[in-house]
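From these two lone chains plus the hints, build me the complex, please.
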Amino acid sequence: MTGSADTITQTRTLSRRTFLRAAATTAAVPAGLSLAGCGGSDGGSTKGALSFVYMGDAEQQDQFEKLFAEFNKVHPEIELDAQGIPSGNWATFANTVSTRIAGGQVPDIVQIATEGQRIFASKGLLEPLDDFIAQDKKLVDDYFADINPNLVKWNTEYASHDGQTYYMPGGFNTMCLYVNTEIFAAAGVEIPAEGTWTWDEFAAAGERIKQKTGAFLIPANSGYFTDVMPWLTTNGTSPLNADWSAATLDSPEAAEAAAFVRDLVEAGLAPEPGGQFDAPSQMKQGKLATLGGGRWPVIDLRRLGLVEKTMVMAWPTRTGHGSPIGWDAWPIMKASKNKEDAWTFLKFLISKEAASFFATLGGTIVPARRSVAASPDFLDNAPAHSERLSEAVSYATPIPSPDRGAECQQVIEEAWLKVLSGNGAADETLAAANEKLGTLL
Amino acid sequence: MTAAPTTVPGTAPGTPAASTARRRRRRRQTWTAYAFVSPAVVLFAIFIVGPFVYAIGLSLYAWDLLTPARFVGLENFSRLFDDPMLAKSLITTFLFALASVVTHIVGGLLLAIGVNRAMNRALSYFVRTAVFFPFLISWAAVSLLWKYVLDPTFGLMTYYLGVIGIDAPSWFSDPTWSLPAIIGIDFWHTIGFTFVILLAGLQTVPNTLVEAARTDGANSLRVFWHVTVPTMSPTLFFATVITFIGAFQIFEPMQIITNGGPDDSTTSIVMYLYENAFQSFQVGYASAIALVVFVVIMTVTVVQFWLSKRWVHEQ
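The listed protein sequences derive, respectively, from chains A and B.
Residue numbers 1 to 441, in the UniProt record's numbering, belong to the letters of the first sequence in order.
Residue numbers 1 to 315, in the UniProt record's numbering, belong to the letters of the second sequence in order.
Chain B extracted, bound-state conformation (with noise of 0.2 Å):
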């Protein structure tokens, strides 16, 4: 798309009274696209650049809310390093990222491709919305919901494994099942997510370059891998950043479901510090917390996106 020739009636082209006229054009324009994206800056600055510099500023303090702070320089970060929880927390957090990466890129592409390929539109629709509609209901109703589903006792998981043969496990009591299961909770959760990304990232790979692919001869596999994939790169790019992003941030199912146990085995870092802040009143320690999650979540942001100028086809 380029610009139409700007040409006011009545002035002739290339006179003052033209470059005038053109003049307050561009500057109206300026202003209306000013106007349009002024909500968008002015909430950004409220609720995004706003609280997070007073975040740094909270990071330097020590106040349990409800006397006043005391300024402490450094030391809420001095301790972060001795603090083993933290670790932790950290590790439980980065092995639920690493697992919903996977689990949804991999779980998302394959339901995307099985839709994509499906003949019937009806069956397509219906897959498409039962997927997504999961991703539609709060945390607090789904997780609510598992804890139901998992009962030991009088969950459904427990009577269908009973049927065929299976003891189930304490779901979330048990430290080696309860983070697979807020991992598999969280995969019923947010795969629609996914999925509407990947599916709609497959619906722009040009149907060209497939039978391009397949006059040459390659079978359904190497178009798959030679084609369809670099095509749909990008957006398997974003979904990734996106997934662990999200992942990372991971708070409600682990506070609901299982309150960060047993052992700690479900504390997340978001998690510890909401337990920082609103438990142990150590709000200048849960602020310097906030910033390691942002410092590890643009860390990872950075290197996904360096790495990606390795695999990322740009058209």
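One chain only, chain A, in its complex shape (with noise of 0.2 Å):
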């Protein structure tokens, strides 16, 4: 651009209407610029340090660190990149990994969970593990022989797209509840101790303890794994069918479990969904007999001091025993230049020694080893019965993931919170999610 001197020289009035007109002009043109700052490139890892990504937030980080420095003792020759992003759930957490390798940043691990493994192997994204299995094939035969058969089938059944292995599964989460024992003791109502109850016991004892405590029975939320899929799996259903092509939301039985807890909510055992009920709270002043969740929620337990006040039941069933799973697992991406490293790393996250420091700690995650989810190690300082989060994996159903998982996710959360806060029918509003739902698979 070129210019006059004069236009330097000639002053010119800029008048406040003039500039309140400009700056109202410009603050236009972000508008369209929402998405534009997400490039992509080919990318890819370098060799040097090995990267890992995680999900886990300040406080899981910190024992994520120390599981490292556990590595690093064992293997100073490696210099571990460890990248641990807060995210509220696996889906935020997958988007958040895309986004990343997006915009280049490729690790050379990455945690994904249930979600998001079969669309990632799917993506060609991932060296396949097979070669690398049968390198060490006595150490991975000691591994799966050390955890739950259905684990080590649902890892090619659901994590795979093509037959071959991409990934190591790690620890899991399934849905139990936790069971404020003083609440029930002042209520005058005996747990089951077989540990099982039907719905029916469940809403009875609410009853009881509304009536002499005042106490809520037990959260109503739309979760899709915490607080929908326990429902529909103790009533024998779920969102979809069992390889995840076809939705059946709309199932006499899916209808039947939203009704029921509506009717928990209405009868004043739960309270009214939408807002925001902080459970391990509630429950610490006396306010919440039970809630739900894998073992995550003895982290806050240990904070309120609410350990030995509490124990571990399954989830109350209509048809049988039931509950979501979901696990973590470790792939190698394709364009690690750190592949020998990653094996290397993911042999130690397998090991017994990791997973028992991991639960020492106080892991958010059940350990996929038996021995060690057994062991004093994961069930010393924790409720009682925790070996009932790891004993429901025989019974627990993979949580559904489609290829637009976090859509369908959105759609039945949507449809269960419409139910439960009572602005729709259950057999109608879960029939008009189900329709949603066929067109997302």
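The hints are all genuine.
Stretch by stretch, here's where chain B covers chain A in the computed footprint (C-beta under 8 Å, at least three residues): (1) 92–100; (2) 272–279; (3) 410–419.
FYI, nobody ran anything at the bench for these hints, they're computed from the structure.
Note that the Cβ used here is the ideal one computed from N, Cα and C, for glycine as well.
In structure tokens, the structure reads:
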């Protein structure tokens, strides 16, 4: 741009009005740019530090760091660059990782939950592990012999699109109930010794607890894994069929499950959904008798001094035991330049020592190794019968995770919330949601 | 303000030497000016123009972030016309933006008038600070705070409405109340910004005009309509445009509080864009939506500028 010198020396008055108009116009420009910052490149990790991306908030990152320090004691020659990403759920974590990969930040190893395993494998981003497994057959066989056979089967069935092995399965979470024994005792309600109860027995216990103590029986939320799936699976159904190719949310069993939970809300046994109900704190204050969860509530229960006052029970049943299950898995990225080091790290992660160490630290998952899940490393300083979390693998249903899983999850959660908040009949609402799900599969 | 005479010591005006010195000085001033504006221009080019052009390019591709992009021409744009969710999210966003503009301008103006008239300076400062303070809090914190306040079981609002005999609705799980609840939260969070702008505009209204109108027998209402509003109309116009643009890009409270639900009743257009990009991994289609957002905002802004000729008074 060129300009006459006069344009500099001739002064112009920039009026307040002109400024306001200019500012208003300029403000409109960024509107269209919400997305464009997301560039992409083929990228790829470079030989150097071994990069590992995992999901974890600040507290969990502290625990992971201790685990990594253990690794470096054994393998000081491998420099580990571990990055924890705090995410509210696995879908968000998977989105964050995908965005990083699109931006050229391809790690060597990524922690991937069930929700993202098949889609990551199907995109051709992962290195098949079969050769590595053959190379360390004895070690891997020892690991597979110590974990539930279902996990080995699902690792191929749900986490691979072509029969090759892309992941080493890690820890998992199922859903059980943490029961406040003090509240049950105060209400004079006996907790079934064998650890099982029916929906009706559970609701009857809730009525008595409400009457005697005023406490809620259980929170009523719409989390896909934590709230929807336990009620569906204990009534013998699931939002999708076994191979995740068709929606089944319109089944009478699903409607019955949603209606049952709505009844709990209407009867005042569960708080109205849609707010910010802090279940562990409410339990601490004696206002909540049970809360659902996998291993992760243990951190809150320890913090609140509730470990000795709680015990783990299976989810109440209608047709039989049920629980969702989701498990961590570790793949090696195809673009990795550190594949041998990455495999060394994976071998460390599946070792009994690592599992024990992490369980002792109080990790938020159930160790895949049954020997560790049944050991004091996992069971000490935890609510009574924490082994039931591990036992649930035998009857659990892998959390349905089709390619457009995040969208499916949103549809299911919205429909569930609508029923629970009394804004829609269970059968009609779930049927409408089922139709939406059909378009996403 | 006018430029000072340019006489270089030791040179007589009108001589070739003086002319050369003047040219050098002007050239130096030119480069100084360029140096001052260059950071803004460079940042604008990198973070605004570049991504904008890139978004146009992306909208012509199908890209899932993980595998190479595939050129699809105008397919993403033709999809826009067959997408009922796009229409729904646009309507929701327009409703939100309209409500936001009306509540912010009316509420902000009333607050500004009240504070401007307050005789007690301490009270005036307190109100200014109190009203503006929520604007300094991040949307994430505000969203979580209001989830507590409006909790249908334990929320403060539920409690106080109960005290006066009103059953509080399920603000965030009832499709009838979810959008009004978000509008209310947005008002609480951002009214301070509009208020400060309008207060500044109000304080520029010359007292002489007001006093002249009063001398002519105008009452307070007539002074307000015929003196105050016309005089501060450029500020009102600016606040209207800025509020609309900000409201049309609303995202955080919907994402954090309701996740777009219930029944998609709080899915804004930017949230729908985000879902397409980072949940469905349809980055090309999301880019096309981003361009729609840009076109809508630009069109509304142009219309606002055109209409402003009828009601905005230039001095």
